[in-house]
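> Listed here are the chains, written in short residue letters.
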Amino acid sequence: MSRHLTLASALLAAACATTPVEKPLPKDAAQITPDTLAELVARPPPPPVPVPYTPLPKVEPMALVLVPVPGKPIVSVRLVFRAGSVDDPPGKEGLTALTTRVLVEGGTASLSSSQLLEALYPMAAELSGDTDKEFTTLAGRVHVERLPRFLEIISEVLLAPRFDPKELARLQAEQLSAIRTRLRGENDEELGKAGLDALLYPRHPYGHFTGGTEKGLEAITLDDVKAHWKSVFTQDRLIIGLAGGVDDALAQKVKQALRKLPATGVARAPLPPAPGVRGATLILQRDTLSTAGSFGFSTAMRRDQPGFFALMMTLSYFGEHRQEHGVLFQELRDKRGLNYGTYAYAQHFRQDGWSSIPLPNIARSEQDVSIWLRPVEAKHGLFATRGVLYFLDQLRNAPIPAHRFETARGFLIGATRQWVLTDQRRLGWAIDDVLYGTPDFLGHLRKALETITPEQVQATAKRELAPELLNFVFVTKDAEGLQAALVSQAPTPISYSTSKPAELLSTDKRIATTPLPLHPGLIRVVPASEFMRE
Amino acid sequence: MRRVLWLSLLLASSALAAPKKAKPKDAPLLPFPVQASTLKNGLTVLRVQFASPGLLAWYTAVRVGSRNEVEAGHTGFAHFFEHMMFRGTKRFPEGARGQLLGKLGFVENAYTSDDVTVYQVNGPSSALETLVDVEADRFMHLEYSEPAFQTEAKAVLGEYHKNAANPALKMEEAVLGAAFTQHTYRHTTLGFYEDIQAMPSRYEYSKTFFQRWYTPDNCVLIIVGDFDDAKVMELIEKHYGPWQGKAASTSPTVEPPQTAARTASLSWSTPTLPRLGLYWHVPAASPKTSDGAVMQVLGAYLAGPTSPLYKALVLEQQLVERLGESDDLHRDPHLFGVEAKLKDEAHRAAVEQAIAGAVALVAKGTVDAKRLSDIKDHLRFGLLMGLETPAQIADALAWHVGVLGAPDALETLARKIQAVTAKDLTAFAKKHLTEKNRTTLVFTVDVKGGAK
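Quick mapping for you: the protein sequence lines, in order, are chains P and Z.
Sequence positions in the first sequence follow numbering that gives the first Met the number 0 and run 0 to 533.
Sequence positions in the second sequence follow numbering that gives the first Met the number 0 and run 0 to 451.
In isolation and in its complexed conformation, chain P is listed as follows:
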């Protein structure tokens, strides 16, 4: 059973864990004294501030996005449906993802699931499905020689699913296992990210894991899947993307075939605004060697909003995904060896497979800014968290070194060209441009980056990245110890077995006492084994 700690129990933990400060702190370090701690704990939690958003633009039914590459012998198909986990009916969480898998893997009217595999295999044809919060993508690739048969298969997958009860049972069991074992037990980092969604979006359709909840999945029947297929895999929710060896005639042929989908289904209810939770903490407890962190907040800033290019540059400078030059990577990994990396994102991020490239077509009406602290030795978990906060403060208030800024800017301009080298990625970004109403987003981003200045970045950080907006998710073993430490705000000094420059050690003293902008009354400890139960 999850333990929802009350303010009273949080206070008790605080009382046990407050430790005396042995050494005088640097003058500019924040002093946490018993008085200010009492004040902090007694203070009512900050009220949530709902984050307004504008709906994504409407797109005409079965809009076509074509990216022809003359002479290319491979055809890429990308069918993006405005159907995601937000469309899961309450009590049936996971239905959209499960329906997608039943379509893509469960066989068609003329092909059993094994026959479907046998048909695709000799062509080395690829066909996959992915469900995110608001969109589901069916992606396929085939050599042009085998295109006619491949298109027949894709059409059948969507228009004439087999709905074999045995396949439903298999896929349902696998999706349950993905929650019970893989999410909760085998990947602390993904668990932390799912935890952040849950923390930022309580009682909101974004809150549950896209793969579902244990109870929701258990409740799904074959009739639910059939009904959901008719409701959300409809013409008015579909964008058709084709790339590679394609032309208009082929596009019209594909469009014609997909006209057999229902014109419309169930209208999606408008999403409520993000609750705007601030200063909340979720500690997911499991038996693990280290402490993993995901921090963030909901934001009204989206890629179609003025100022987004500057926000993207700011977060890229602060912690570009898996790149050495980011401030967080430099400071926490390269200088201090705390972990494998720490990164920051201006919009919701998923990595595309094994690459370090962002996955397209996971558009969200409501966005979040997040920071991913990769696993740290548990004893340094809180120091590393304070490190993130300290360098966030530096980003907002200390001069940004020109050479580091130039590196981050040059990198982002160059990296965006690498993001669109495959046909699937080109298509994905072109489709995103339609979803967000941002034609040639990457081109405009590169242009904007050419003239952006460190001052603009800093102003953006000051305006958009206030630390008190942050919420914190930790995955760790000693949840109670961590909770007590968070409540006490006691300094978390660090020592190294290797020699470090005096300047770094001096900075560490400031880091060790950096205030944690979280409220003791909003700390929740949940055993990982209970996460996404319902």
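Hints listed in this document are in silico derivations from the structure and should not be mistaken for laboratory results.
Fair warning: there could be bad hints in the mix.
Here are the simulated lysine-lysine pairs, DSS-like style, with alpha carbons at most 27 Å apart [to be verified]:
id, chain 1, residue 1, chain 2, residue 2
1, Z, K310, P, K225
2, Z, K310, Z, K429
3, Z, K169, P, K378
4, P, K57, P, K71
5, Z, K375, P, K71
6, Z, K310, P, K165
7, Z, K206, P, K499
8, P, K499, Z, K89
9, P, K334, Z, K89
10, Z, K447, P, K476
11, P, K334, Z, K310
With chain P's structure known, arrange chain Z on it following the hints.
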């Protein structure tokens, strides 16, 4: 770091061949010519012109991996050293290299496997001269301080931590530890936890490691994309030409033949699914033999998505959540395996029997010709599918030349795959997939308080 075992199907998509249609018998299977040259100092340079306007991939394959960690207590060193290669030189000290390449728009990464370490740089052709200068400099003049070395060792520990929650790492350790008694393949590429913890004290050894293996005759440059070939070769001659040194001759101890079946047991204390793995020692994937090609076809034949085993265990009886093969190519004799994630511990015996039965059928000479042909078609078409960008092409070339040693290794393997016959599969299974040559992974789940 590239993981080698447990449903690691990474290479299934890169060891591929081109469509057969309308190709003369001797026409190359790769859809592009690969130009190969060797400098006087032994450095091999492979180039592929590819339509990627303004962009290129610049990869360096070093024929070193955890296979070369011959001294006790130094496991994980090849991978650790890969990290150190980003630390700097006299001309481009700590951070300067990354800043310079980043500013120019280059994206960098690297990975280490059992046999090869690959450095990957992708970016603008227009900055070629700077790139060649900076890359040659780090391979010839790497320099880092002891504190920087010690700090990076901690980051490697962080990498271990990030992987440790997944049972795959411990399973790999258990299987390799049981199957190998002498050869360095007995440890994973990431290394043992205690060795990683001791890494900060190995500063002097790290210099020895660099001198031993980071030599021109042990490296291959791979350049793919939009560039002027003559200009590239001129720059390479200029910057890499003065590089001197010969790779060490230190070799791992030869693994003695296994004479009796072994078991690798591992129990997991947090909720997950039990696993079963059957592994057999198999020959090295030399370009001079067909063993690597046969093994890859056999992996798909036994455990691929169209195999009778997959159909029975995953789709029909639903005893297994995932089924896969472990058939990565290796420079020395390694393992071939079939792996299953069991839905319930109670299914272990039945699944083991089914896998053993499928192996026995092939060994007795029962091979479905249609399936064999489909597998070869799959690998042929997959070639074009997997070689869509300069990075993908450079990666495929780097891996194959790194493991197999020959500049035309990818093409050769693709041809050998197309030549695999039913008799080859039977002969391979009969000779290698025997009871006494087998190591069985028994991964069980024992959660205190009961698993769900």
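> If a hint holds in the structure, say so; if it does not, say that too.
Hint check:
Of the supplied pair hints, the one linking Z/K310 and P/K225 holds, its CA atoms being roughly 25 Å apart against a limit of 27 Å. Only pairs whose Cα atoms come within 27 Å are accepted, and Z/K310 paired with Z/K429 is accepted, the gap being roughly 24 Å. Between the alpha carbons of Z/K169 and P/K378 the distance comes to roughly 23 Å, so the proposed pair stays at or under 27 Å and holds. Distance check on the hinted pair: P/K57 and P/K71 sit about 32 Å apart at the alpha-carbon level, beyond 27 Å; violated.
This hinted pair checks out: Z/K375 and P/K71 have alpha carbons roughly 22 Å apart, not beyond 27 Å. Straight-line distance between C-alpha atoms of Z/K310 and P/K165 comes to about 13 Å, which keeps the hinted pair within the 27 Å bound. With a CA separation close to 22 Å, the supplied pair Z/K206 and P/K499 stays within the 27 Å bound. Between the alpha carbons of P/K499 and Z/K89 the distance comes to roughly 20 Å, so the proposed pair stays at or under 27 Å and holds.
A hinted pair counts as satisfied when its Cα atoms are at most 27 Å apart, and P/K334 with Z/K89 qualifies at roughly 19 Å. A C-alpha spacing of about 15 Å is found between Z/K447 and P/K476, which places the hinted pair at or below 27 Å, so the restraint holds. About 52 Å separates the Cα atoms of P/K334 and Z/K310, which puts this hinted pair outside 27 Å; it is violated.
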